[in-house]
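Straight run, no breaks: the sequence shown in the working numbering ends on number 308.
Just so you know, not all the hints are guaranteed correct.
Distance condition first, Cα-Cα at most 25 Å in a straight line; then the derived SDA-like pairs of lysine to any residue [stated by the list, open to error]: (1) Lys-305 x Cys-225; (2) Lys-211 x Phe-68; (3) Lys-305 x Ile-117.
By construction, these hints were calculated from the structure, which means they are not laboratory data.
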Amino acid sequence: MKELIVRAISGAIYAALFLLSLQSQHALIALFFVFGLICIAEFNKLINQKGISSYIIFIILYLAFAYWQFMVETNEGFIEAIQILHVVTIFVMLFLIKDLFSSKTLPLFITNKYINTTFYLSSAFIFIILIANYYDEFNPNILLGSFVLVWVNDTFAYLVGKNFGKQKLFPSISPKKTVEGFLGGLFFACVSSYFIAKYSSTLDFNSWLVMAIIVSVFGTLGDLIESKYKRQAGVKDSGVIMPGHGGLLDRLDSIIFAAPFIYLFLRLLKYVS
36 MKELIVRAIS GAIYAALFLL SLQSQHALIA LFFVFGLICI AEFNKLINQK GISSYIIFII
96 LYLAFAYWQF MVETNEGFIE AIQILHVVTI FVMLFLIKDL FSSKTLPLFI TNKYINTTFY
156 LSSAFIFIIL IANYYDEFNP NILLGSFVLV WVNDTFAYLV GKNFGKQKLF PSISPKKTVE
216 GFLGGLFFAC VSSYFIAKYS STLDFNSWLV MAIIVSVFGT LGDLIESKYK RQAGVKDSGV
276 IMPGHGGLLD RLDSIIFAAP FIYLFLRLLK YVS
């Protein structure tokens, strides 16, 4: 009972910080700046990476892209820089997915771990911020909806898997995850997309439905990839900053991996509309 209370309190604090940060663009940037530093610290421990270089890379990239619009009068060069970052990020994440289906150890780029801290973590936080600026102005509703989809997917994947799960999804990486749980999370995420579209004026139902599928598929892959990192490191959680939950990376792994793909869909949607 005590553990449940502690878990509820730490989860409530995390949720409150996120919801409050949505009231201001600078608050959101500041919160995910701190979140990014914490996640990099946790990830560095998992891959046994020492030094401050990964933090410096994150600080420079994150602040540059987050505050570009405040520092210059035009977006000249910004779109091109984002496109380059986006292509490399997707490329690295696709390789991480590939390695998920092999017996190789992660990261794939073992000789240069900074590739993973830069394009698996640092760039993901940049795209999280960019999602909140989808209309070229601060409008966090899409980001909020994305987090709701992640929460619904994770919650119902756990509940369905626990009560009805039989077929293991990736037993060598995460023995508790099941195919039934994944499908349950996907189904309820798709259902929730209807209500998000109904009470949000940002995107229509079809767009939110695609978002739900992206979040469910790539969020689950992100969870599995982090689980493989943890299994290689011989630890259960990425950290202890959230009592009852583990590390912050444990809570954000789904949105971290899904964010670049969500942003890709939003860019395509903007291009064809």
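These are the hints, each one checked on the structure:
Between Lys-305 and Cys-225, the direct Cα distance comes to roughly 21 Å. Compliance with the 25 Å bound is thereby established for this hinted pair. Between Lys-211 and Phe-68, the direct Cα distance comes to roughly 32 Å. Violation of the 25 Å bound is thereby established for this hinted pair. Under the criterion of a C-alpha separation no larger than 25 Å, the hint pairing Lys-305 with Ile-117 is consistent with the structure, at around 15 Å.
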